[in-house]
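Asker: Given next are the chains, with one letter for each unit.
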Amino acid sequence: MFEAMADGLTALLSVERFLFMMFGVLVGMALGAIPGLGGVVGLALLLPFTFDMDPTAAIAMLVALSSVPVTTDTIPSVLFAVPGTVGSQATILDGHPMARKGEAGRAFGAAYFSSLLGGVVGAVILGMLIPILKPLVLLFRAPELFSLGIMGISMVAILSGRVPLKGIVAGGMGLLLSMIGIDKQEGLLRWTFDSLYLFDGLNIIVISLGIFALPELADMVIEGKQISSVPKQAMKGVGHGIRDVFTNWWLMLRCAFLGTWVGIIPGLGSAVVDWLAYGHAKSTCKDAALTFGTGDVRGVIAPESANNAKQGGALVPTLAFGIPGSASMALLIGAFMIHGLQPGPAMLEQHLDITFAIVWSTAIANIMATVIALCFTNQLAKISSVRINILAPLVTVVVFLAAYQATASIFDLVTVLLFGLLGWVMKRCGWPRPPLLLGFLLGGLIERYLFISVRAYGASFLIQPLVLVVLAVTIATIYYSVKQERKVRQLTGDTREGE
Amino acid sequence: MRATPSLLFTLFVAVVAAAMVYTARDWPMGTGLFPLSVGVPVLVMALIQLVMDAYRSMKPAGGQERETGDLQVDWTMSAAEVAARGLAFAGWLLGMFFGILLIGFFITVPVFTLLYLRYQAKEGWTLTLSLTAIMLVFFVGVFDQILHIHWLEPVISGPENFLRVLMPWLG
Numbered sequence: 116m117f118e119a120m121a122d123g124l125t126a127l128l129s130v131e132r133f134l135f136m137m138f139g140v141l142v143g144m145a146l147g148a149i150p151g152l153g154g155v156v157g158l159a160l161l162l163p164f165t166f167d168m169d170p171t172a173a174i175a176m177l178v179a180l181s182s183v184p185v186t187t188d189t190i191p192s193v194l195f196a197v198p199g200t201v202g203s204q205a206t207i208l209d210g211h212p213m214a215r216k217g218e219a220g221r222a223f224g225a226a227y228f229s230s231l232l233g234g235v236v237g238a239v240i241l242g243m244l245i246p247i248l249k250p251l252v253l254l255f256r257a258p259e260l261f262s263l264g265i266m267g268i269s270m271v272a273i274l275s276g277r278v279p280l281k282g283i284v285a286g287g288m289g290l291l292l293s294m295i296g297i298d299k300q301e302g303l304l305r306w307t308f309d310s311l312y313l314f315d316g317l318n319i320i321v322i323s324l325g326i327f328a329l330p331e332l333a334d335m336v337i338e339g340k341q342i343s344s345v346p347k348q349a350m351k352g353v354g355h356g357i358r359d360v361f362t363n364w365w366l367m368l369r370c371a372f373l374g375t376w377v378g379i380i381p382g383l384g385s386a387v388v389d390w391l392a393y394g395h396a397k398s399t400c401k402d403a404a405l406t407f408g409t410g411d412v413r414g415v416i417a418p419e420s421a422n423n424a425k426q427g428g429a430l431v432p433t434l435a436f437g438i439p440g441s442a443s444m445a446l447l448i449g450a451f452m453i454h455g456l457q458p459g460p461a462m463l464e465q466h467l468d469i470t471f472a473i474v475w476s477t478a479i480a481n482i483m484a485t486v487i488a489l490c491f492t493n494q495l496a497k498i499s500s501v502r503i504n505i506l507a508p509l510v511t512v513v514v515f516l517a518a519y520q521a522t523a524s525i526f527d528l529v530t531v532l533l534f535g536l537l538g539w540v541m542k543r544c545g546w547p548r549p550p551l552l553l554g555f556l557l558g559g560l561i562e563r564y565l566f567i568s569v570r571a572y573g574a575s576f577l578i579q580p581l582v583l584v585v586l587a588v589t590i591a592t593i594y595y596s597v598k599q600e601r602k603v604r605q606l607t608g609d610t611r612e613g614e
Numbered sequence: 011m012r013a014t015p016s017l018l019f020t021l022f023v024a025v026v027a028a029a030m031v032y033t034a035r036d037w038p039m040g041t042g043l044f045p046l047s048v049g050v051p052v053l054v055m056a057l058i059q060l061v062m063d064a065y066r067s068m069k070p071a072g073g074q075e076r077e078t079g080d081l082q083v084d085w086t087m088s089a090a091e092v093a094a095r096g097l098a099f100a101g102w103l104l105g106m107f108f109g110i111l112l113i114g115f116f117i118t119v120p121v122f123t124l125l126y127l128r129y130q131a132k133e134g135w136t137l138t139l140s141l142t143a144i145m146l147v148f149f150v151g152v153f154d155q156i157l158h159i160h161w162l163e164p165v166i167s168g169p170e171n172f173l174r175v176l177m178p179w180l181g
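Same order as they appear, the protein sequences are chains Y and E.
Quick note on this note's numbering: the first sequence kicks off at 116 and runs consecutively.
Quick note on this note's numbering: the second sequence kicks off at 11 and runs consecutively.
Treat each hint with caution, since some may be false.
Across the chosen pairs, the derived CB separations fall in these ranges [to be verified]:
(1) Y/L405 / E/I58: 25 to 33 Å
(2) E/A93 / Y/M243: 42 to 50 Å
(3) E/I58 / Y/L583: 28 to 36 Å
(4) Y/T409 / E/F148: 30 to 38 Å
(5) Y/Q494 / E/E163: 23 to 31 Å
(6) E/V61 / Y/K497: 47 to 55 Å
(7) Y/K497 / E/V147: 17 to 25 Å
(8) Y/V584 / E/R12: 29 to 37 Å
(9) E/M39 / Y/T409: 42 to 50 Å
(10) Y/F491 / E/F116: 46 to 54 Å
(11) E/S88 / Y/M243: 56 to 64 Å
Facing chain E, from chain Y, some residues (calculated, C-beta under 7 Å) [stated by the list, open to error]:
(12) I283
(13) I337
(14) L495
(15) E562
If you're looking for bench data, these hints aren't it; they were derived computationally from the structure.
Fair warning: this is a prediction, and the values are worked out from it, not measured in the lab.
Built from N, CA and C at the ideal position, the CB exists for glycine as well.
I would like the entire structure built from these sequences, with the hints used as guidance.
Answerer: Take a look at the structure:
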């Protein structure tokens, strides 16, 4: 195996392959920074150009491209509260307040460095798991995936802060919104109002742009200031953020493991991973209930390390079984097949060197992306001191374009405006918005696996050993976070009933 | 009891949840089970929240604390000023939307950028024209030339239709 590892690395070290990998990194970084785009778009664009390429160079380029958008998607999230990709929604909650406090550079430093370490941890775990993958992934069937969905939705309790009832209602409304469209079980239409646009359900990119981007932009325009009113010389820079990652190395490592695990399980979805990591950090970090949401760097480190680590994890079922856990992994499988590689057990036996080249590509791409991103961090951070009235039309146009490209329908724009209004009213009325997004993300998954579990096992699916373990962890997490919240309320003297 | 924005919004949420539950009640088991098992508890909790909000709205105005759901809100501005500036921004957004609908992305994107920078941000012509040009290059380069997005056919397409809308008496 060590020989295959060395062969995989050697294969990447030719100038031509390295340059192609660098090209993949640059394209991936650019796509991550433009809201609404991401690795899938890049893979779809570049895939046709790889037909005549050397297979190792082509695969290294595509793997690099799909690994790094989650590094640069932090830029719009931190500066404008516009999620760069669906995997950077949770970063907004503390990254954007950091930018407003004049700590955009620190937020970028922490995000990039935790992305780097998270990505490398994901790649290392991928490399280590290759020999023992099969039994591990097969442990997770429909009942276990359902229980993981329940675990995800339990994060609503953590993300709701001091307004748990509003958070639960918002999470429930998110679940209900996820059911709009064709019912996958019976094929009937739910709440579509005879609109073709709603047949496929609402789009997560459009919803997240509406819920977060437009309300934050509106509030900045209403206040009429720059993103941060802190003088440039008082801004905290990138070095501070990197030191934060070292200080919080254990949190970074935990979230990287969490992200890898979420990536390994096909179907859990990349959009959930950052919320799970954020919820985990909020429920376990000291005084998090007091500081998270106000610009706590730990709220940036957790989701950023998890979403990069997830990329390595997502390659596990892709390589080992040929099961794509996401759209980008499905495109990667297409690329492998174009170049004569059949993902699955045979690939691990016959092309172990290429498999390890993929692992190395993931790790090297993350390192390259971080180094490049760090070079421009302090310049990017200065954007936060530009007057918002100059930035507002540019960000508005990008939000409209990002929403429109989701399904190329005018109704995408109607939806983004309606959800923008909803998000702004929610914010002003003290309703937490993350539970709505989390409910929306997990609704389809929970319903699908619930349906399969009930059909296959009846009610006994609830007493499967692993299901019980996951549900016990879920209950313990909720109990601990509620306890933490009460402690904070006692500390701050907030004794309002029920809230 | 005062009809505070918070109370009205909770009422809106409860009405939406009630409407969703009501429409789901006749669906077959496989289609309706999940919506009802989520919708009914959501409706009940929304009603509890409504009662709590109503109770709080009966307290004297000064005795209420403003809740924060996630990101912080600047409460130092007066409600009237927030409403006026919010409506102005909403006007720009709606202008952009109807512009796209009527004359398409290719004209709306540069026109919106230019008008906003010149008349809302009150920037000089140099910055306005430079940023408008950058935006246009970014939009055409990335979204049209590289991504080949399928653009919406605007209501007024072609110069003859454009003139017809501006001067309807021409027929």
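Asker: The hint names Y/I283 as touching chain E; please verify it with the least Cβ-Cβ distance against 7 Å.
Answerer: holds (6 Å)
Asker: Assuming the hint says 25 to 33 Å, is it satisfied by the Cβ distance from Y/L405 to E/I58 or not?
Answerer: Roughly 27 Å apart at Cβ, these two residues keep to the hinted range, so it holds.
Asker: Does 47 to 55 Å hold as the CB distance between E/V61 and Y/K497, or does it fail?
Answerer: Since the Cβ atoms of E/V61 and Y/K497 sit about 49 Å apart, the hinted range of 47 to 55 Å holds.
Asker: For Y/K497 and E/V147, compare the CB-CB distance with the range 17 to 25 Å and indicate the outcome.
Answerer: holds (22 Å)
Asker: Using the beta carbons of Y/V584 and E/R12, state whether their distance is inside 29 to 37 Å or not.
Answerer: Given range 29 to 37 Å: violated, Cβ gap about 49 Å.
Asker: Okay, Y/T409 versus E/F148 on CB: inside 30 to 38 Å?
Answerer: The hinted range 30 to 38 Å holds for Y/T409 and E/F148, with Cβ atoms some 33 Å apart.
Asker: Cβ-Cβ distance between E/A93 and Y/M243: within 42 to 50 Å?
Answerer: Violated, at about 57 Å.
Asker: 42 to 50 Å was suggested as the range; check whether the CB atoms of E/M39 and Y/T409 agree with it.
Answerer: At roughly 46 Å between Cβ atoms, Y/T409 and E/M39 fall inside 42 to 50 Å, so the hint holds.
Asker: If I claimed the Cβ atoms of E/I58 and Y/L583 lie 28 to 36 Å apart, would that claim hold in this structure?
Answerer: holds (30 Å)
Asker: Does the Cβ-Cβ separation between Y/Q494 and E/E163 fall within 23 to 31 Å?
Answerer: violated (40 Å)
Asker: Is it true that Y/F491 and E/F116 lie within 46 to 54 Å of each other by Cβ?
Answerer: Taking Cβ atoms as reference, Y/F491 and E/F116 lie about 30 Å apart, which means the hint is violated.
Asker: Does the Cβ pair E/S88, Y/M243 satisfy 56 to 64 Å?
Answerer: Holds, at about 59 Å.
Comparing the model with each numbered hint stated earlier shows that hints 2, 5, 8, 10, 14 do not hold.
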